[in-house]
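Novice: Based on the hints, put chain B in the right spot on chain A.
There are 2 protein chains.
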Amino acid sequence: MTDLKRMGEKAKAAGYELQKLGTEVKNRALLAVAEALCSHTGELLSANGQDIRAGEANGMHQGLIDRLRLTDGRIQAMAEGLRQVAGLPDPVGEVMETFQRPNGLLIEKRRVPLGVIGIIYESRPNVTADAFGLCFKAGNAVILKGGSDALNSNLAVTDVIRNSLKESGITPDAIQLIADTDRSVTGAFMKMNQYVDVLIPRGGAGLIRTVVENSTIPVIETGTGNCHVYVDRDADPDMAVKIILNAKTQRIGVCNACESLVIHEAVRETLLPKLAQALRSKHVEMRGDEGIREFVPDCVPAVQEDYGTEYLDYIISMKTVGSLEEAIAHINRYNTGHSECIVTENREAAERFLKEVDAACVYVNASTRFTDGFEFGFGAEIGISTQKLHARGPMGLRELTSYKYAVYGNGQTRG
Amino acid sequence: MTDLKRMGEKAKAAGYELQKLGTEVKNRALLAVAEALCSHTGELLSANGQDIRAGEANGMHQGLIDRLRLTDGRIQAMAEGLRQVAGLPDPVGEVMETFQRPNGLLIEKRRVPLGVIGIIYESRPNVTADAFGLCFKAGNAVILKGGSDALNSNLAVTDVIRNSLKESGITPDAIQLIADTDRSVTGAFMKMNQYVDVLIPRGGAGLIRTVVENSTIPVIETGTGNCHVYVDRDADPDMAVKIILNAKTQRIGVCNACESLVIHEAVRETLLPKLAQALRSKHVEMRGDEGIREFVPDCVPAVQEDYGTEYLDYIISMKTVGSLEEAIAHINRYNTGHSECIVTENREAAERFLKEVDAACVYVNASTRFTDGFEFGFGAEIGISTQKLHARGPMGLRELTSYKYAVYGNGQTRG
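So the protein sequences, as listed, match chains A and B. 66 is the number of the first residue of the first sequence in my numbering; add one for each residue after it. 66 is the number of the first residue of the second sequence in my numbering; add one for each residue after it.
Treat the hints with care, as some may be off.
[Unchecked claim] Think about it this way: if two alpha-carbon atoms lie no more than 27 angstroms apart in a straight line, the pair counts; the simulated DSS-like pairs of lysine-lysine are:
#, chain 1, residue 1, chain 2, residue 2
1, B, K256, A, K256
2, A, K420, B, K75
3, B, K174, A, K307
4, B, K75, B, K231
5, A, K85, A, K70
6, B, K420, A, K70
7, B, K85, A, K420
8, A, K85, B, K420
9, A, K420, B, K70
10, A, K231, A, K85
11, B, K174, A, K174
12, A, K231, A, K75
13, A, K174, B, K307
14, B, K77, B, K231
15, A, K307, A, K347
16, A, K77, B, K420
17, A, K420, B, K174
18, A, K420, B, K231
19, B, K256, B, K75
20, B, K420, A, K231
21, B, K231, B, K85
22, A, K256, A, K75
23, B, K307, B, K420
24, A, K174, B, K420
25, B, K420, A, K75
26, B, K307, B, K347
27, A, K70, A, K231
28, B, K77, A, K420
29, A, K231, A, K77
The set of hints was computed from the structure by calculation and includes no laboratory data.
Bound conformation, chain A alone:
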């Protein structure tokens, strides 16, 4: 069985080394890792081939096989991701605030690495390199536990990274992979709060729930998005149709896709015929209450469960409301704290929606699909936080840091 305690100690020691590294050293190391991934494409594809064949032999679903598969292009993309991270500003060392106290103490709030980050993810080998790159640039050591179907691929990627780090004169324990596929090891990993500062699960709702329920390490919840678009009484119906169509169908299986519509009763007559036609043209199944079905004859009756469901599919639920207040209450009841949108020309309604809807990202007149680290200009993303502690919404490099207070005195004592 994996010696998790030993891995934890090594990660903690590596974290202390990494926090001392300058930006240039980290960037050069990232570029070297990118090169190493490209020059070891053969080994990576060969290790991945073992996983793919085992997956096919076990009757793995075609979609999962696709996520598991590495190709020349995907390895290039992993390398390119690392090069981009090398080009981003280093968050570590930033002085966030400075204040002086009447007793003369000078206090600096400084951005520092979190230390050791744990990542539990499904069978997507590209996450191995992506997660390493972000954690490393922010000065953190990382312990990874990937899906067991991708074990050979993950081991190969990790080996290439560790060897490249060694060649750059950096501790290879900046990245460690738990190679044990026994579930009890994953359980024990989630209890390593003595060594791991934060645990980030990346994957479906089931994985995230398991981690939240079992971890003693602080967890950042990511990824579930039951996102709404509310069409206000003062909406531009054409803009509403355009936004809804984009939010629902531009990419179906992602957490920032729209799953549910809330429609002010006063706009139904002008909006719904156009909207239904647009959704039909994209083969989206509509499930609505009576107020919707009055104007959309082919709309399926919605049951209460529909309003709480993240379909990740060509299905959308639709709810009629009589007021902005009712819309906000409905959304606050069913949403997952991810991304919510109001379509309106009414500034007051927009401000109220922005203030009262409880979610990481709240939009006026724009698609929920913009909730993304790249779209927000962070240059990268480790995930989208749907909790309120520490980080909310897209998490880039800054969100992988903590802070400390550096206090300068000249002999002050407390009276």
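Specialist: Using the frame of chain A, we list chain B on its own:
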């Protein structure tokens, strides 16, 4: 049995109400609660008397009885605390950042309440009012679970607050107290991640460990402090003695008191005789390694366990090191991430210590006793975080908030 689900729903609904309140409304309500506590002093003392008598009958330790006791003065102090919180700036609504994307989206990062905060604490009735005041000012609803020995006192304080809020036209569910003393209720409370956004344990190491190990709600760990003072080879010995004496003995039972000294071997001869004399004069038992005992004949031999112990008593452990590196490694091995100090006149050594020691507050030439929300100028404190996620060090009003992204578009969709 307490209907925790119902309490959770009420707290969540209250949180949505509180986030809408303006600063003036919140301040007036806090001042009214302060008045109400003073004008109900009789009822509060009477309820507290029941707890005190029960405690005495059960042979409760005198120190605990003292913490449990309310007096006229302590009720005045609770009220004064609320008045001070009313005078602090409101963190809610602050625009933390604004940025515009090339596609025209305008993104505002806005400070918002966390929502619902859970606090689990020991039998100190004053915490009931203090915690309410801070959570309320930051726009949060709070669910409290106090020590069962203080139940009558806590119920009385909570009643006064709830009635006063009602009179101010504010939902009384801004504060709810779990009145059930059954341990299984506390266990169930810690699993209410559907309703509670963060759980803050306030109390001893045992309470905090229980919460960390059992909660599915994100926890902020507070309060354990195995704090070190390192006397560098370039230290001013008189300043070192003054700082150590203050950090160790100014108040013994607090988390920012110094528990352990790390002494560079080169300063032993000049430092230790003076230091030992000063510590003796305050009746502090010294436990040191051989390098210390060479210069302090009455020093007790330290065992390894001493270096990991938060004594909260007139005892101090002492360790000799040969270098700054060794000092940093020792501190990073044994500290609890609270407060650490270097005494040195050497700027380079100071900067290295500040950078490499892993703790919330790192001091150069000042007592660790300054780690405190009031001393830092935050005007208040809900606790001192020793973890790296979300908040680190003294937590004031800002640390009881989260943020959201408000995104303004004019019909943007993702391509």
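Novice: Honestly, which of those hints from before does the structure not fit?
Specialist: Per hint list: zero violations.
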